[in-house]
Structure formats: C-alpha cells, structure tokens
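Student: Protein chains in written order, with the working numbering: chain A, 1 to 174; chain B, 1001 to 1102.
Keep in mind the hints are simulated off the structure, nothing from the lab. Wrong hints could be hidden among the right ones.
Interface residues of chain B toward chain A, partial, derived using beta-carbon atoms under 8 Å [unchecked claim]:
(1) Ala1020
(2) Tyr1047
(3) Lys1071
C-beta: ideal position from N, C-alpha, C; glycine also.
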Amino acid sequence: MLKFKLYYDKDAEEVWLREMSLKGWGLKKFFLGFYTFEPCEPGEYNYQIDLLDNWSGNKSDYVAFMEDLGVEVIEQWWRWVYLRKKAAAGPFEMYTDAESKIILYRKIINFFKIFLVIEAICFFMELTATIRTGNFVFGIFTVLLGAISFAILTVVWKCKWKIEQLRNEESRVS
Amino acid sequence: MDYSSPLTEAIFYILLAVRAPNHGYGIIQDVNEMTGGRVVLGPGTLYGAINTMLSKGWICLFSEDKESRKKKEYLLTKIGREIFEKEVKRLNELVENAKKMD
C-alpha cells in the first residue's frame, strides 16, 4: 500500500506509523512523502525516527550498533532514518533522558533552520515578482512558499517548546 | 554537549558498566539490573553518549568482532576513571551533608 503524507513533526509521524502498524500495515519504504507499507501482524512493530549527525557519516557503524540492540534501520532518507523494533521485544524509545532528547531537538532545529532561510528567500523573491508583474502564477507560488515557510517555522517553534519543557523537567529533578 | 560534573545518570552508569569490556546490549542490561529497571537507556541515548565519551577519551574501543561486524566492546580509560571518581567524591559530599537533616 502506498500513502502520501507530508510530516514536519517527527513525533506525530511516529504516532501515525504506530497506528498503521496496529492496523496491520508496517512501513517498508519512504521517499519524498511517499510511504510504502506491507502487511504485518497488527501491532507487530514500534517505530522511531532519528536524525543522523551528518549526511554520509559512519552509517554502517550506526546500523550495526542498532541491530545489536534489536533495532532495525528500515530506511534512510537524507539524514533521517526510520527505525523499528518488534513490539514483543519490549518498549522502544530511542532517547530516554532529557539531555539526549534536548540534543536531538536542537539537531532538528538546526536541520530545519537551513530550509527556513532558503524558503524565506524564495518566498520574498516570488512576492516581489508577484507585486511587480501582477501575474497570478507567481501569486500561487508565493502562497505555496509562504505555507511551507510557515510549516517549517511551526516545527522550529515546537522543538523549542519541547526543549523548554524538558529543561523544566530537568530542573525539577536535579 | 558537555558532560562535565555533575554527570548525567546515563553517563554515570555507562562509565560503571564499562569498567570491564562491555558491548552496547550488555551496557543496557547491566544498567537496567544495577538500578532495578529505573534507568533505562534508549538506543539513541546510548549511541550518542558512547560517541561523545569516545571522542573525549573517557572510554575506548576494546575489541571489534570483525566477522560479524557487530558487537564493539568498550572499556573505561584512565581519564574516564578519574572523571567517575571525581563524581563519586561529589556525591559522597552530598550524602555526608544530607545526614545533617537528622
């Protein structure tokens, strides 16, 4: 089964993949918003999404490390990786303390920041083109780019909010 | 990230778990046992912590099973032990002072 979805929030994406697994569909492939599912036992897998430090990096080291822990790397898309673990093998949470969760959300913010800058530049270029020419095609692109920029901005805000929550949690316990 | 004193619980227990050569899965299990299931190390948390500590020289690579390309073993270094002992000293001070409560 093939599904198309655009996720900017990896936490929400993980929840969705879990829901699909409960319905008997396990993620097999991912490319540019296209998710390929194959039938699985309902609830067979739990999913997590991770962001690697760099593009190529030491990927085989990462994959071997995860395999040793019963975690399967299903797909790598850019720096993003999709991981799954059999639900029968116990709970699956990649990051279990506030410190490492904060590191991950910081990484995500830095990842999206680059795109935010690019999208924002394109948005203003299209905007000036729209105003100058009055052409509605430019107008459509302006709205589209504006929407994407806003979506990315929302992710950055969300990550910042999550870091703030984790910090509060941290200061309560230590 | 800077893991200087005070150490996080994860770092503290990983250092303890590699006082003898240990691999990823072994570290998770040992820490789980030592804390009665209270401290659970997620794969990502462990991977990040190991790489940070390797680059800082607190732990080193002890062995690598070339055949299965899996199961790298890690071992505490002299620097790692010093960091750990410094932390224990700090914790002891806390406990000593805590006794004043009674």
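Student: It remains to establish, for every hint, whether it holds in the given structure.
Tutor: Results for each hint:
no.: 1; hint: Ala1020; verdict: 18 Å, violated
no.: 2; hint: Tyr1047; verdict: 6 Å, holds
no.: 3; hint: Lys1071; verdict: 6 Å, holds
In this structure, the one hint that does not hold is number 1.
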